[in-house]
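J.: Okay, here's what each chain looks like letter by letter:
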Amino acid sequence: MISTKYTEKKKFNKQEIDRKWWEVGDYFRRNSLWLLMYCTGCCAIELPPSMTSAYDMERLGMGPMATPRQADILLVSGYLSLKTLRRLIYTYEQMSEPRYVVALGSCPINGGIYHDSHPVINQLDQYIPVDTYVAGCMPNPESVLNGFVDLMEGIKNKTANGWKKYHKNYDWYKKNQFDVLGEVVIDDEFHQ
Amino acid sequence: MILSIFIGISIALFGFVLQTSIGGINRKIIGRLQKRHGPRWYQEFIDIFKLLSKRSVSHGWIFDFGVIMALGGIIATAMFMPLTSTFLAFENYDNFFIFVYLLAVGMLGMAMSASGSGNPWASIGVMRALTTMLAYEVPFLIVVLTIVNLSGNSSLTEIMLYQQAAGNNIFLIALPLGGIVGFIALMGMLGKKPFETYIAPAEIASGPMVEYGGKQLGMLFILHEITIFIEVSLFVHLFLGGATNIFEFLFKYFIVYTVANLISNVNGRFKIDQVVKFFYKWPLLMAVTQAIIAIYFGWVI
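Chains Y and B supply the protein sequences, listed in that same order.
Heads up: the first sequence begins at 1 in my numbering, then just goes up one per residue.
Heads up: the second sequence begins at 1 in my numbering, then just goes up one per residue.
If you're looking for bench data, these hints aren't it; they were derived computationally from the structure.
Glycine included, every Cβ here is placed at the ideal spot set by N, Cα and C.
Just to be clear, a hint being listed does not mean it is correct.
The following residues of chain Y were derived to be distant from chain B, with all beta-carbon distances above 12 angstroms [what the hints assert, rightly or not]: (1) Phe-12; (2) Asn-157; (3) Lys-174; (4) Val-185.
Per the computed footprint, the stretches of chain B lying under chain Y, defined by three or more beta-carbons under 8 angstroms from a beta-carbon of chain Y, are [stated by the list, open to error]: (5) 36–42; (6) 46–52; (7) 200–214.
Let the hints inform the model, and build the full structure from the sequences given.
T.: So, in structure tokens, the structure goes:
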């Protein structure tokens with residue numbers, strides 16, 4: 001029998017609705033990750049086999065993209081010298097949000113075999129937030145793909161929120177970047 | 001009138017869904033061609049909805065307005081497209097030249113928006129796109145004018161009915177040289193591989209699309225799918241005799257797009273001067289020969 005007692009209608013508040021929509025968006029975001037490959041290190045050699053017919057990255061919906069604006073993942077492959085770090089930060093700040101960073105190899109984790117070299121930074125995490133690390137020197141294509149699957153899990157569980165961390169701790173990241181790179185004095189024809 | 005507009009918008013939406021699905025299936029086919037598994041067939045839908053769900057930056061109001069203008073222009077063009085020889089939204093408004101005029105709105109909107117971003121790659125891409133257009137339009141228009149001369153009408157429905165009439169072959173067989181020229185011009189229109197010069201991801205960083213990200217890029221993808229729908233449908237109607245029912249149309253559409261894609265994936269990329277030289281050499285010669293043979297000698301198979 002249907003109760004005749006008055007029950008208040010269940011109302012969704014705005015945060016709840018936003019959360020639902022965000023989850024719907026997360027489904028699309030984790031199934032269509034486009035890469036911007038920042039191939040300065042030797043780990044880049046592992047990417048062609050993981051993209052072509054042997055391991056076929058496209059079956060996960062991933063693919064290379066041409067420009068930072070179009071990409072979702074910034075793929076840092078290998079060590080970063082001070083000169084490339086500056087370009088990497090420019091590139092990261094040009095990407096449209098939500099954006100994720102995947103670091104390949106042991107160099108972005110602790111410096112790897114370049115840990116005592118003066119122009120190479122040791123921890124990428126100090127300068128931009130990293131969502132997934134793939135350790136190894138160099139990582140196999142299997143572990144590269146495994147890292148991407150981990151990132152997808154992270155997007156599903158809302159743990160891959162480096163871009164939010166970057167907004168929240170912007171001053172801290174900027175301070176670290178300035179400490180290592182120094183003040184930039186640009187003096188060329190494009191910035192006059 | 002309102003019903004016609006409603007049907008027209010439905011045709012544009014149908015074109016978007018059809019081309020996006022067939023594009024996804026084609027990505028799978030290309031994957032198999034390269035001994036890969038390939039993405040899911042609905043991957044293109046996921047890509048578009050993902051782009052629409054992202055945040056994006058603006059480069060000024062021309063940048064935003066141009067995208068919307070291009071999308072509106074292309075949807076307006078698709079509204080006039082007949083699907084079969086009897087089903088179309090606006091009776092008597094399916095002239096070939098309507099599509100030529102209205103397609104330009106979309107192209108110009110995109111060119112304006114891309115130039116508004118201020119990126120030099122975008123300007124180079126737009127310049128190359130317009131140059132490619134200049135190259136393929138001349139032979140294509142000569143063949144289409146031959147068809148208009150033969151069938152005595154420039155309405156797509158009338159051209160379809162002319163080919164379907166007893167005793168007439170479809171124009172791909174009746175005008176064999178012209179059919180080849182039409183297909184090569186279609187490859188140029190679609191931006192498939194030998195003529196992919198204006199996209200060229202490895203060379204000019206995807207050309208006009210270089211500064212787009214997030215929602216604007218999502219709208220450009222929708223625009224691109226509807227443009228492909230219009231161009232492939234034009235080829236089906238002009239050269240393959242159109243369709244008497246919707247299934248015939250789907251079949252012919254799928255065959256044309258898949259063949260173009262297969263040819264595209266075993267080819268390299270021309271430079272921009274090679275594109276212009278190519279189109280002004282063999283297709284133009286073949287088109288003029290076909291026009292002379294068909295109109296002055298009357299040799300139509």
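J.: Next, verify each hint and record whether it holds.
T.: Hints, one by one, checked against the model:
For Phe-12(Y), the shortest C-beta to C-beta distance to chain B comes to about 20 angstroms, beyond the 12 angstroms cut-off, and the non-interface label holds. A cut-off of 12 angstroms between C-beta atoms confirms that Asn-157(Y) is not in contact with chain B; the least separation is 18 angstroms. Every CB of chain B is more than 12 angstroms from the CB of Lys-174(Y) (nearest about 19 angstroms), matching its label as outside the interface. With a minimum CB-CB distance of about 24 angstroms to chain B, Val-185(Y) clears the 12 angstroms threshold, and the non-interface call stands.
Check on the region 36–42 of chain B: 5 of its residues sit with their Cβ under 8 angstroms from a Cβ of chain Y, so the three-residue criterion for coverage holds. Note: the region 46–52 of chain B has 4 residues with beta-carbon separation from chain Y under 8 angstroms; the three-residue rule is met and the coverage holds. Coverage of the region 200–214 of chain B by chain Y holds. Counting CB-CB distances below 8 angstroms, 10 residues qualify, and the rule asks for three or more.
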